[in-house]
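Chains D and F, in that order, are what the protein sequence lines are.
Just so you know, we're using the working numbering here: the first sequence kicks off at 1 and counts up by one.
Just so you know, we're using the working numbering here: the second sequence kicks off at 1 and counts up by one.
Derived from the structure by calculation, the hints contain no laboratory data.
Don't take each hint at face value.
List of simulated lysine to any residue pairs, SDA-like, C-alpha gap at most 25 Å [claimed, not checked]:
| no. | chain 1 | residue 1 | chain 2 | residue 2 |
| --- | --- | --- | --- | --- |
| 1 | D | Lys55 | F | Asp63 |
| 2 | F | Lys55 | D | Ser38 |
| 3 | D | Lys55 | F | Lys6 |
| 4 | F | Lys76 | D | Val144 |
| 5 | F | Lys76 | F | Leu14 |
Label-pair ranges, simulated between beta-carbon atoms [stated by the list, open to error]:
| no. | chain 1 | residue 1 | chain 2 | residue 2 | range |
| --- | --- | --- | --- | --- | --- |
| 6 | D | Met128 | F | Lys6 | 46 to 54 Å |
| 7 | F | Glu5 | D | Val172 | 34 to 42 Å |
| 8 | D | Ala165 | F | Thr81 | 42 to 50 Å |
| 9 | F | Lys6 | D | Asn10 | 56 to 64 Å |
| 10 | F | Phe17 | D | Ser8 | 35 to 43 Å |
| 11 | D | Val168 | F | Leu14 | 27 to 35 Å |
| 12 | F | Leu14 | D | Ser374 | 57 to 65 Å |
| 13 | D | Ala127 | F | Ile3 | 46 to 54 Å |
| 14 | F | Gly13 | D | Lys64 | 38 to 46 Å |
In this text, a Cβ means the ideal position worked out from N, Cα and C, and glycines have one as well.
Next come the chains, spelled out residue by residue.
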Amino acid sequence: MQKVVSISLNGNSYQLEEPGFNLLSSYLERADSRLKDSPDRAEVMADLEQAIGEKCRGMLGPHKTVVSVAEVERIIAEMGPVESADEKTASDAAAAAGAAGAEGTSSTGPTAGPTPRKRLFQIREGAMWSGVCNGIAAYINVDVTWVRIAFVLLTIFSSGLWLVAYVVLMFVVPVAQTAEDRAAAFGMPFNTEELISRAKKNFEEFGQTYRWRREWRRQQRHWNRQFRHMNEQLRATASQVVPPMNHGTGTFMSVFLPLAAVVGAIVFVAWILAMFSLVTQHTIFGWDLPHGIPIWVGVVALVLIYLGVSAPLKALRHGGQQPAHHVGFSALYGLIWIGCTALLFWAAYHYFPGVRELVDNLVWAANLTATTISETIA
Amino acid sequence: MNISEKLAPIRKGLLEFVILKIVAGDKVYVADMLKLLGPTEFATQEGTLYPLLSKLRREELVDYEWQESEAGPPRKYYKLTQKGRTQLSTLNDYWKDLNRTLADFGN
């Protein structure tokens, strides 16, 4: 059994088996990118679609309504690679290939001629930000996580200066727009089957990240529920001791929430300082990492610890109270948190020379960035 | 590199000339052109022919008109323009000269 895709070619509808549809759409996409500099692009694309449509019609009959994969392959082989008539230089090899194809010697279908040169692209699919790291990872053939860690570390070591480099790359490196660009970004020979298998792999990976996030959200919801439960129990105990109040939750929250905000701010500032101390001095406030454990493990561990500690506080802020009070308490928490964080940073800046150095460096880097940008614009 | 591959650029260069010659006769449809070219040294595919025809049309050497077909949507039938006819006779003359020159060498 095959899944069938309905397509429209130049105003007529056809049904193709799904893999055949994939083959055909990548053939047309490739044709379109070949013709992107030709003034006749739209017209030629319409001509090609009509020709393919006619070939499809030739494959169909009153008792056959779907074009099979093999038939699509044959159609693509008959059509031959699309060559812009305006570029004289690159077309010679393709002409030979086209002639060979028409003589029936080539049965490989939509294969490209030479292997495309590997090029640096921004790859938007699965990108955190702009796809620069993604593109570099593809270019040097390593996992994107390493490139991202390298970028973060470079940013920290260069006191933020590396961000300027990232922004420059964002504007300079072209974005991979067509399937062919993406193939060139990965340095793979352009081949439809490979593209399809890659797409499948990406889809599965996407599913996994999605599952991971869903799991994390589920965990947070679980904490939320626990807090609500705890809250209710506390209220119940409180109402036994204290005469019942209209704003029982409110009273509880107005005492507990500022406290939580202060704790949250302390945790946050401590985490930032610990991170800084780890990266610059390779110790966490004078405590050395166990022997043989690299820095990045420490960084990852700190991130995980922070997430673990701050998640219940966050859950409290967002779910620990009645929905009616939600916005007000959340804002209160945020205000107290920002205030405490600022206060703590201020204190750290004044009493710890290391922190002062960091902040001064950051300010310097920000100034430099601003001047660079304004000079570039001017 | 076999001899056919070596001559591929020549065929490619002559394709435009061949197309003009074909179109010079009756109005033709692309599938018919491909059928005509198929058994010859100039065997071509849609992927090459459509872009070439569009280019020729942009240069006002050929033009097309839509004609209803009994099966399916209307089709483009190509014909030579006046400018194309002039260019074709120039190319014909040039080709004759070229043949003469080639024949004269080595004698």
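Results for each hint:
1. D/Lys55 - F/Asp63: holds (24 Å)
2. F/Lys55 - D/Ser38: holds (9 Å)
3. D/Lys55 - F/Lys6: violated (32 Å)
4. F/Lys76 - D/Val144: Violated, at roughly 50 Å.
5. F/Lys76 - F/Leu14: holds (23 Å)
6. D/Met128 - F/Lys6: 46 to 54 Å: With Cβ atoms ~51 Å apart, the hint holds.
7. F/Glu5 - D/Val172: 34 to 42 Å: holds (39 Å)
8. D/Ala165 - F/Thr81: 42 to 50 Å: violated (56 Å)
9. F/Lys6 - D/Asn10: 56 to 64 Å: violated (38 Å)
10. F/Phe17 - D/Ser8: 35 to 43 Å: Since the Cβ atoms of F/Phe17 and D/Ser8 sit about 37 Å apart, the hinted range of 35 to 43 Å holds.
11. D/Val168 - F/Leu14: 27 to 35 Å: Check failed, 49 Å falls outside 27 to 35 Å.
12. F/Leu14 - D/Ser374: 57 to 65 Å: holds (59 Å)
13. D/Ala127 - F/Ile3: 46 to 54 Å: With Cβ atoms ~50 Å apart, the hint holds.
14. F/Gly13 - D/Lys64: 38 to 46 Å: holds (42 Å)
The structure is inconsistent with the numbered hints 3, 4, 8, 9 and 11, although it conforms to all the rest.
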